[in-house]
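A.B. asks: Each chain is listed here by its residues.
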Amino acid sequence: MTSRDRIFSKVRSALEGVKDKAAYPDYDPAVLNSAPRLAGTLTEAFTRNLTAAGGNRIGSPAELAGFLQQAGLTRGYCDPALMDAIGNTLASHGLTVETVYDRSRYEDYQFGITRASGAIAETGSLILDDALTSDRLAALSPWVHVAALREDEIHRSVPDAIAALGPSRNVLWATGPSKTADVEGILIEGVHGPGEQVAIFI
Amino acid sequence: MIDHQLIDTYAREISDEKQTSVITGSAASTEKRYSILHQDYEDPNALRKLAGAIKDHTLHHLDRYLEQAESSLKRNGVQVHFADSGDEAKETVLKILQEREITRLTKSKSMASEEIHLNPYLTENGIECLESDLGEFIIQLDDDVPSHIVRPIIHKNRREIARTFQREGIAADYNDDPETITRRARVFLREKYMQAQAVITGGNFISAESGRIVLVTNEGNSRFGMAPSRVHIALVGIEKIVPTDRDLGVFLNLLGRSATGQQLTVYTEFISGPKDDSQPSGPEEMHVVLMNNGRSDVLESNCREILRCIRCSACQNVCPVYRQASGHAYRATYGGPVGAVLSPLLFGDQFPDLADLPKASSLCGACNEVCPVDIPIPDLLLRLRNKAKQEHIPQPGDVPMSPFATLATSPSLWRTAMTMSKAMNHLPIEVAPVKPLQEWLGQRTLPEWHGGDFRKWLKDRKK
Ligand code: SF4
Chain A
1 MTSRDRIFSK VRSALEGVKD KAAYPDYDPA VLNSAPRLAG TLTEAFTRNL TAAGGNRIGS
61 PAELAGFLQQ AGLTRGYCDP ALMDAIGNTL ASHGLTVETV YDRSRYEDYQ FGITRASGAI
121 AETGSLILDD ALTSDRLAAL SPWVHVAALR EDEIHRSVPD AIAALGPSRN VLWATGPSKT
181 ADVEGILIEG VHGPGEQVAI FI
Chain B
1001 MIDHQLIDTY AREISDEKQT SVITGSAAST EKRYSILHQD YEDPNALRKL AGAIKDHTLH
1061 HLDRYLEQAE SSLKRNGVQV HFADSGDEAK ETVLKILQER EITRLTKSKS MASEEIHLNP
1121 YLTENGIECL ESDLGEFIIQ LDDDVPSHIV RPIIHKNRRE IARTFQREGI AADYNDDPET
1181 ITRRARVFLR EKYMQAQAVI TGGNFISAES GRIVLVTNEG NSRFGMAPSR VHIALVGIEK
1241 IVPTDRDLGV FLNLLGRSAT GQQLTVYTEF ISGPKDDSQP SGPEEMHVVL MNNGRSDVLE
1301 SNCREILRCI RCSACQNVCP VYRQASGHAY RATYGGPVGA VLSPLLFGDQ FPDLADLPKA
1361 SSLCGACNEV CPVDIPIPDL LLRLRNKAKQ EHIPQPGDVP MSPFATLATS PSLWRTAMTM
1421 SKAMNHLPIE VAPVKPLQEW LGQRTLPEWH GGDFRKWLKD RKK
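So the sequence lines, in the order shown, correspond to chains A and B.
Quick note on numbering: the working numbering labels position 54 of the first sequence as 54, and the sequence is numbered without any gaps.
One rule links them: number in the working numbering = place in the second sequence (from 1) + 1000.
Treat the hints with caution; some may be incorrect.
To be verified - Capping the alpha-carbon separation at 30 Å, the derived lysine-lysine pairs in BS3-like fashion look like this:
#  : chain 1 : residue 1 : chain 2 : residue 2
1  : B       : K1049     : A       : K21
2  : B       : K1095     : A       : K10
3  : B       : K1049     : A       : K10
4  : B       : K1359     : B       : K1387
5  : B       : K1359     : A       : K19
6  : B       : K1389     : A       : K10
7  : B       : K1387     : A       : K10
8  : A       : K19       : B       : K1095
9  : B       : K1192     : A       : K10
10 : A       : K19       : B       : K1049
11 : B       : K1032     : A       : K21
12 : B       : K1095     : A       : K21
Unchecked claim - With the C-beta cut set under 10 Å, the calculated list includes, among others, these residues of chain B facing chain A:
#  : residue
13 : A1046
14 : E1136
15 : D1142
16 : A1172
17 : Y1174
18 : D1176
19 : G1256
20 : T1265
21 : D1276
22 : S1278
23 : R1331
24 : E1391
25 : I1393
Think of the hints as simulated: they come from the structure by calculation, not from any bench.
On a predicted model such as this, the values are computed, not experimentally measured, just so you know.
A virtual CB, placed ideally from N, CA and C, is assigned to each residue, including glycine.
Next comes chain A alone, as it looks inside the complex (with noise of 0.2 Å):
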């Protein structure tokens, strides 16, 4: 007997003593949404949750520009795609962008700019999609990762964003920065990702 017909064999036999099996509790995913959280425009929720999430929404690539230079950060990587969106105006502000990630040089990537396939307003969420994003780790490795995306991109909900999954191989729910409260539960951001989580609509 292999290890499955064990397990098959047991669970069957287990559940011969259950008498009333339960049936599906068929439910409107709409139960799970949070009024306050969906409160306004889709936009004006998304920017609200991320906010509260810790994440940060820049409205131009030239804002970008200076929030970047601001914090010291100067070199970093832009998914080739997006150059002409917002790496070129990066680079005209005297930033040094790369458009090739090389991970053998993970730690001179200070920015990563990356495309979300979408976004959640409910929970402020980016949604990373294998098939659009042009390599993970650029988008975790750096200490700013930008996620670039369309303004009508954004799911409202949960379930709305459960049921858009579609066929990737492997989509991320990314809802603010990497956080950790493991010492003593302080809140410190950027353990292993990004330190900041940025929006901006393209």
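Once you've looked at the hints, dock chain B with the ligand against the given chain A.
C.D. replies: Relative to the frame of chain A, chain B with the ligand by itself:
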């Protein structure tokens, strides 16, 4: 008779420093959980009931869903393995690694792997397996065990951690600033991620419908561990299945809020197979080890509701016994109310050793009220106490009940005893030469005796 409640003893012996850490930490989490659920929802209770009902349905049809999950996973290009016992699970993981000559890997926090002590086993077999969750990393450095499901080092303070980092050469000097501690771990661990050939994770949920595995972390460690690795192995208990993707929304909304007071955990990753060909970073191979390790026994027992557990730790945070005693007092991977039920059941052949755990509760009911899947923990504790009785396992605090029974079944004796017992208030009972009484009193003080007053009051009232 066993002399004492082991947990009580532990609680009395725990250092003040450790106890303060646990009490402050768990109280803060309880507070955050409560406020976010009530801010966000008019009726958070309805959600808990729904989540509990979905899990119950899944568990009652686990054979069907397990089969469906298996075929969905395979359809996604995942290699599926079954492990009936913890040993089988460990051997399966080792075999996958050895066949690929993998010797360095990282592991993101997984209670299932804690449960089977996977790490020491891999180390014995010459494989470096580094914990990447900050708390688990510190536990590993200290050769300690986690004392909380979500915050493994809730029992440690910053000074201890700073000393560990200095001792282990993670940092050249002593610095106990939490931000510095975190940065130092960041630098150390990313180098390890980059060198790792494989990553081991747990799995919070598997959707039977799509075969998506959902992994949540706040730190981003599972995502980082996966990005440079060639091989991903997810070790998942067979009870982690939910029927559909839609159901994932119910559990994700409750998990972050119940665990840490967040609407969602920061990194919520939906994985259905190895990476896309176009994606430069991520595993090319994905394995899922579906582990039983006693779960089918729990399913057969009258405590099967405990398998609904999504490991949020809310019951630990709210439990007065857990707060006083800390997770280590429960002597098994899972501490607190969930552990008091799960550990004696899961570690089946150890039941007599852990049969005292269900007694470590005042049955106040708080654990049930906070549980996002509405597990009736106090009821389950009572059922386990009963099991211990039926199996004649001696229990701490078992006071011979027959004298009481005689008294209680004879009204006239009872009356006399009630009024006479008032005399006890004037007796130096603490020094009475009755051993069981002394042991019992060793951990308690008696209130003043007021017996008999109710009967008197009722009699007077009838007049
Ligand atoms: S028993 Fe309930 S409250 Fe406790 S960890 Fe499990 S899901 Fe959370």
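A.B. asks: Do the numbers back the hint for B/D1142, that is, is its least Cβ distance to chain A under 10 Å?
C.D. replies: violated (13 Å)
A.B. asks: Are B/R1331 and chain A close enough, Cβ to Cβ, to be under 10 Å, as the hint says?
C.D. replies: violated (23 Å)
A.B. asks: With 10 Å as the cut and Cβ atoms as the points, is B/A1172 at the interface with chain A?
C.D. replies: Because about 19 Å separates B/A1172 from the closest Cβ in chain A, which is outside the 10 Å limit, the hint is violated.
A.B. asks: Can the restraint linking B/K1032 and A/K21 be considered satisfied, given a maximum Cα separation of 30 Å?
C.D. replies: Violated, at about 35 Å.
A.B. asks: Need the status of pair B/K1359, B/K1387: alpha-carbon distance at most 30 Å?
C.D. replies: holds (12 Å)
A.B. asks: Straight-line Cα separation of B/K1049 and A/K10 no greater than 30 Å?
C.D. replies: holds (28 Å)
A.B. asks: How about B/S1278: closest beta carbon in chain A under 10 Å, or not?
C.D. replies: holds (7 Å)
A.B. asks: Against chain A, is B/I1393 within 10 Å by beta-carbon distance?
C.D. replies: violated (23 Å)
A.B. asks: Given B/D1176 was flagged as interface, is its beta-carbon under 10 Å from a beta-carbon of chain A?
C.D. replies: holds (9 Å)
A.B. asks: Mind checking the CB of B/G1256 against every CB in chain A and telling me if the closest is under 10 Å?
C.D. replies: Holds, about 8 Å.
A.B. asks: A closest beta-carbon separation below 10 Å is what the hint needs, so does B/A1046 meet it against chain A?
C.D. replies: Status holds, d = 7 Å.
A.B. asks: Is B/K1049 within 30 Å of A/K21, Cα to Cα?
C.D. replies: With a Cα-Cα distance of about 16 Å, the restraint between B/K1049 and A/K21 holds, given a limit of 30 Å.
Hint violations for this structure: numbers 8, 9, 11, 12, 15, 16, 17, 23, 24, 25, all remaining hints satisfied.
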